[in-house]
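Residue numbers (full-length UniProt numbering), protein chains in the order written: chain A, 1 to 443; chain B, 1 to 443.
Do not take every clue at face value.
[Said to hold, decoys possible] In the PhoX-like style, the derived pairs of lysine-lysine whose C-alpha atoms are separated by at most 20 Å in a straight line are:
(1) B:K396 - B:K197
(2) B:K197 - A:K169
(3) A:K333 - A:K197
(4) B:K169 - A:K197
[Claimed, not checked] Examples of chain A residues lying across from chain B (beta carbon under 7 Å, computed):
(5) W22
(6) T104
(7) A108
(8) D161
(9) L165
(10) S180
(11) P192
(12) Q195
(13) L228
(14) A257
(15) G264
(16) G363
[To be verified] Just a sample of chain B residues kept apart from chain A, beta carbon distances all over 10 Å, derived:
(17) P8
(18) R122
(19) G140
(20) R156
(21) A379
(22) G383
Just so you know, the hints here were simulated from the structure itself, not pulled from any lab data. Note that CB positions come from ideal geometry on N, CA and C, so glycine has one too.
There are 2 protein chains.
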Amino acid sequence: MRDAQALPALPDATHDPALLSWVPDANRHADFPIQNLPFGIFTPPGQDVPRGGVAIGASILDLAAAHHAGLFTGAAEIAAAAASREELNAFLALGATPRRALRTRLSAILAAGSRDQHTAERCLHPAADCTLRLPARIGGYTDFYVGIHHATNVGRVFRPDNPLLPNYKYVPIGYHGRASSVRASGTRVRRPKGQLKVPDAEAPRFAPCERLDYELELGIWIGPGNALGTPVPMGEAEHHVAGYCLLNDWSARDIQAWEYQPLGPFLSKNFGSTISAWIVTPEALAPFRMPQPARPEGDPPPLPYLLDEADQCQGALGVVLEALILTADMRKKGLPPYRLSRSNTCHMYWTVAQMVAHHTSGGCDLNPGDLLGSGTISAPEPGGFGSLLEITRGGKDPVALPSGETRRFLEDGDEIILRARAERQGAASIGFGECRARILPAA
Amino acid sequence: MRDAQALPALPDATHDPALLSWVPDANRHADFPIQNLPFGIFTPPGQDVPRGGVAIGASILDLAAAHHAGLFTGAAEIAAAAASREELNAFLALGATPRRALRTRLSAILAAGSRDQHTAERCLHPAADCTLRLPARIGGYTDFYVGIHHATNVGRVFRPDNPLLPNYKYVPIGYHGRASSVRASGTRVRRPKGQLKVPDAEAPRFAPCERLDYELELGIWIGPGNALGTPVPMGEAEHHVAGYCLLNDWSARDIQAWEYQPLGPFLSKNFGSTISAWIVTPEALAPFRMPQPARPEGDPPPLPYLLDEADQCQGALGVVLEALILTADMRKKGLPPYRLSRSNTCHMYWTVAQMVAHHTSGGCDLNPGDLLGSGTISAPEPGGFGSLLEITRGGKDPVALPSGETRRFLEDGDEIILRARAERQGAASIGFGECRARILPAA
Numbered sequence: 001m002r003d004a005q006a007l008p009a010l011p012d013a014t015h016d017p018a019l020l021s022w023v024p025d026a027n028r029h030a031d032f033p034i035q036n037l038p039f040g041i042f043t044p045p046g047q048d049v050p051r052g053g054v055a056i057g058a059s060i061l062d063l064a065a066a067h068h069a070g071l072f073t074g075a076a077e078i079a080a081a082a083a084s085r086e087e088l089n090a091f092l093a094l095g096a097t098p099r100r101a102l103r104t105r106l107s108a109i110l111a112a113g114s115r116d117q118h119t120a121e122r123c124l125h126p127a128a129d130c131t132l133r134l135p136a137r138i139g140g141y142t143d144f145y146v147g148i149h150h151a152t153n154v155g156r157v158f159r160p161d162n163p164l165l166p167n168y169k170y171v172p173i174g175y176h177g178r179a180s181s182v183r184a185s186g187t188r189v190r191r192p193k194g195q196l197k198v199p200d201a202e203a204p205r206f207a208p209c210e211r212l213d214y215e216l217e218l219g220i221w222i223g224p225g226n227a228l229g230t231p232v233p234m235g236e237a238e239h240h241v242a243g244y245c246l247l248n249d250w251s252a253r254d255i256q257a258w259e260y261q262p263l264g265p266f267l268s269k270n271f272g273s274t275i276s277a278w279i280v281t282p283e284a285l286a287p288f289r290m291p292q293p294a295r296p297e298g299d300p301p302p303l304p305y306l307l308d309e310a311d312q313c314q315g316a317l318g319v320v321l322e323a324l325i326l327t328a329d330m331r332k333k334g335l336p337p338y339r340l341s342r343s344n345t346c347h348m349y350w351t352v353a354q355m356v357a358h359h360t361s362g363g364c365d366l367n368p369g370d371l372l373g374s375g376t377i378s379a380p381e382p383g384g385f386g387s388l389l390e391i392t393r394g395g396k397d398p399v400a401l402p403s404g405e406t407r408r409f410l411e412d413g414d415e416i417i418l419r420a421r422a423e424r425q426g427a428a429s430i431g432f433g434e435c436r437a438r439i440l441p442a443a
Numbered sequence: 001m002r003d004a005q006a007l008p009a010l011p012d013a014t015h016d017p018a019l020l021s022w023v024p025d026a027n028r029h030a031d032f033p034i035q036n037l038p039f040g041i042f043t044p045p046g047q048d049v050p051r052g053g054v055a056i057g058a059s060i061l062d063l064a065a066a067h068h069a070g071l072f073t074g075a076a077e078i079a080a081a082a083a084s085r086e087e088l089n090a091f092l093a094l095g096a097t098p099r100r101a102l103r104t105r106l107s108a109i110l111a112a113g114s115r116d117q118h119t120a121e122r123c124l125h126p127a128a129d130c131t132l133r134l135p136a137r138i139g140g141y142t143d144f145y146v147g148i149h150h151a152t153n154v155g156r157v158f159r160p161d162n163p164l165l166p167n168y169k170y171v172p173i174g175y176h177g178r179a180s181s182v183r184a185s186g187t188r189v190r191r192p193k194g195q196l197k198v199p200d201a202e203a204p205r206f207a208p209c210e211r212l213d214y215e216l217e218l219g220i221w222i223g224p225g226n227a228l229g230t231p232v233p234m235g236e237a238e239h240h241v242a243g244y245c246l247l248n249d250w251s252a253r254d255i256q257a258w259e260y261q262p263l264g265p266f267l268s269k270n271f272g273s274t275i276s277a278w279i280v281t282p283e284a285l286a287p288f289r290m291p292q293p294a295r296p297e298g299d300p301p302p303l304p305y306l307l308d309e310a311d312q313c314q315g316a317l318g319v320v321l322e323a324l325i326l327t328a329d330m331r332k333k334g335l336p337p338y339r340l341s342r343s344n345t346c347h348m349y350w351t352v353a354q355m356v357a358h359h360t361s362g363g364c365d366l367n368p369g370d371l372l373g374s375g376t377i378s379a380p381e382p383g384g385f386g387s388l389l390e391i392t393r394g395g396k397d398p399v400a401l402p403s404g405e406t407r408r409f410l411e412d413g414d415e416i417i418l419r420a421r422a423e424r425q426g427a428a429s430i431g432f433g434e435c436r437a438r439i440l441p442a443a
């Protein structure tokens, strides 16, 4: 624990851990106390039209209704109007200033003692009665590979002699994923069929994936973005980050091993990806920023286009990430989900700003609602590995579950639940909401 | 030349080579005679709102205006209404039946002797005065690698001992490209900067690409598409193809060589891709279908999910593809573009139907307006190579141009022009229009 006197100051009053909300359960809520205020798209019970909302405790504040009720003025009103639509792309495009104004105003509306309580109460829905949607239309989805312990662990399985390739410490490695198959938490994922080839087989066969895996990742929502041909320099990169989520990059390891050379993963990933439905803002996570961990002795410094003093000082994030499993048998026996992985975003070798600057460094455009994935974030120690490929060493060491079952890879009916928690001394801890999905049998 | 009696019959009267149009120049037009009728999005002179149009000779028929003038009924009217909007996604989503009805009706309207000539004349614009746009909002862009001679040639540069990897003849290799940076013909392309590392350098440096290349590809526009989790079987795959274009998949070879392991090309491709602006329909290309070329002796047959009798019989396309260069010096000297590559779509190892079936085989969804690229299509012989990487053997053998210049890779001010021509005895030949763009210096 850091000494209390050495704690960095909280960014503003919206983070005050003493701040309480009048919304029932908000002050006891692990993920969504008043210090969080994440944005999402939901459909209230009995209604068809999705609209923007803010999670507060076990409730959702309907932004369209609150806007209509006249609760916002100025920059906050502009942001609330943009966030009232059927998707949050226009809101993400606004950038930090209106988003901050809206946060400040929402904090005041929802704080205990607010004179707007009576009006706002009529805009609240119990979250349990609502359906959560994808928060934005995802134009482009790029998955990075910045979890260095994951890259090392996986590299060891695919390339035992050469786990970490020579470019890894120079290039924030990434590739284009499939945006169309990203779904919000709760949508079931069908096990893919594909070409499987065991090393000693003469030819591949087409069959349901036998090595289905999860990947524990941080998702990054892009805000304003850049024009084609106009790179975003490091010093401006954070301006284009509109928020964060959890991302489960489901992976068919057997399909991947056979298909991925020379152009990378394709069908092994594009059958589906799951994200948590709430966009946790950079403002909410501001107290959990930290210096970029020192590179190990002997690692090269980032090239100048990826180097920025402010980013070195506070470009990393300290957020605990967890992956849990709940099998059909565990559900039947009433057992709670079992934790497979506990990691932390501080294990990213490259910061989010470096990912944005690199992505645009050749001129590629990023646009509001684009999604970046961090790649699997594993902690260095066992118990911290973010995928079964790593935990079971490619299926060699099955993991034992409290139900008496074992898992090398995922089975039909298994549910994977990702959770995140940001906490530090002197600040209210916040979470991301669940990123959860269950595996359906192959068609 | 095939014997005239053995020529396959033309699909319908819209292909009759004797059919003439009343539109000036249409009957002499290399690309857009009345037998073609491709769809696109254009802005007429002095107007702001893009709308759908059909290329006929050197003119564009304004579909919104023609629809408004009452020229369509029934299924053709449904298609014309969908094609009148600012992007063709809704039209692509309709599938073949309304598209065919619209083609039949357009052929009648534009045919010499049509009683609708007077009405339709008022809906024509000179193409030279119009601005062509991207024909659809591209949701997802996937680039394949089905040009087997290209895969072999390139494999030899990157992996001399192992040019064609073991999966190539089983898997239609593809990867997700960047949809946001695809632009219509005519938009200039800025040379990217990126990490370059020559093999004997200790570290990479960040600098303008020194090995900028083009790639000669066929583009495929997706029509109706499929729901996530519901693969498209081979027998239905063609139903989801709404048309074709030319695609220049600009490639930064030096960036690519350093970044592409282990997750594939990223910044080496996503700075920009150029497509021809007209969607040439499957109907227009029907006379140029051909049997899938026999696989070389010893090659494995496609796995059952990629095998279909009709596809074997007529799933391939015979379209001549060309890439030409025009340098700043050639422009100054008034020299015509110089042909670098002359290839043919018959050199695709996998058919378009196989690409669609494979893409969806694990459950991934395709959607109206998605774009597939074939990958570079090289012919086996020199003169048929579809990229400078192949032509100059990785820069070793510069190509001599009529201006007295040489090129290992592209220089600033160079323009690459892709063209396509479908021709066979007994049918009117058609083209795709140009896919052209000029290289701007790095920023």
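Structure-based check of each hint:
Restraint check for B:K396 and B:K197: satisfied, since their Cα atoms lie roughly 18 Å apart, inside the 20 Å limit. With a CA separation close to 13 Å, the supplied pair B:K197 and A:K169 stays within the 20 Å bound. Simply put, A:K333 and A:K197 have alpha-carbon atoms about 36 Å apart, too far for the 20 Å limit, and the pair is violated. Between B:K169 and A:K197 the CA atoms are separated by roughly 13 Å; this keeps the pair inside 20 Å, and the hint holds.
Violation of the interface hint for A:W22 is found here, the shortest Cβ-Cβ separation to chain B being roughly 41 Å, above the 7 Å cut-off. A least Cβ separation of about 32 Å between A:T104 and chain B goes past the 7 Å threshold, and the interface hint is therefore violated. Interface hint status for A:A108: violated, as the beta-carbon distance to the closest one in chain B is roughly 37 Å, over 7 Å. Violation of the interface hint for A:D161 is found here, the shortest Cβ-Cβ separation to chain B being roughly 14 Å, above the 7 Å cut-off.
Interface hint at A:L165: satisfied, since its Cβ lies 5 Å from the closest Cβ of chain B, which is below the 7 Å cut-off. Because the closest C-beta pair between A:S180 and chain B is about 5 Å apart, less than 7 Å, the hint holds. Interface restraint check: A:P192 against chain B, minimum CB-CB distance 3 Å, threshold 7 Å, status holds. The closest approach between the C-beta of A:Q195 and any C-beta of chain B is roughly 6 Å, which is under the 7 Å cut-off, so the hint is satisfied.
Proximity of A:L228 to chain B holds as hinted, the smallest CB-CB distance being about 5 Å (cut-off 7 Å). Given hint, A:A257 at the interface with chain B, is violated; its Cβ is 10 Å from that chain's nearest Cβ, farther than 7 Å. At a threshold of 7 Å, the smallest CB-CB gap from A:G264 to chain B is about 2 Å, leaving the interface hint in force. Interface restraint check: A:G363 against chain B, minimum CB-CB distance 4 Å, threshold 7 Å, status holds.
Residue placement check: B:P8 keeps its beta carbon more than 10 Å from all beta carbons of chain A (closest about 32 Å). Listed as outside the interface, B:R122 is consistent with that label: its C-beta sits roughly 37 Å from the nearest C-beta of chain A, beyond the 10 Å cut-off. Look at B:G140: its CB is around 5 Å from the nearest CB on chain A, not clear of 10 Å, so calling it non-interface is violated. Non-interface call for B:R156 relative to chain A: holds, since the shortest CB-CB distance, roughly 12 Å, exceeds 10 Å.
With a closest Cβ-Cβ approach of about 21 Å to chain A, B:A379 is found to remain outside the 10 Å limit, as its non-interface label requires. The claim that B:G383 lies off the interface holds: its Cβ sits roughly 26 Å from the closest Cβ of chain A, which is beyond the 10 Å cut-off.
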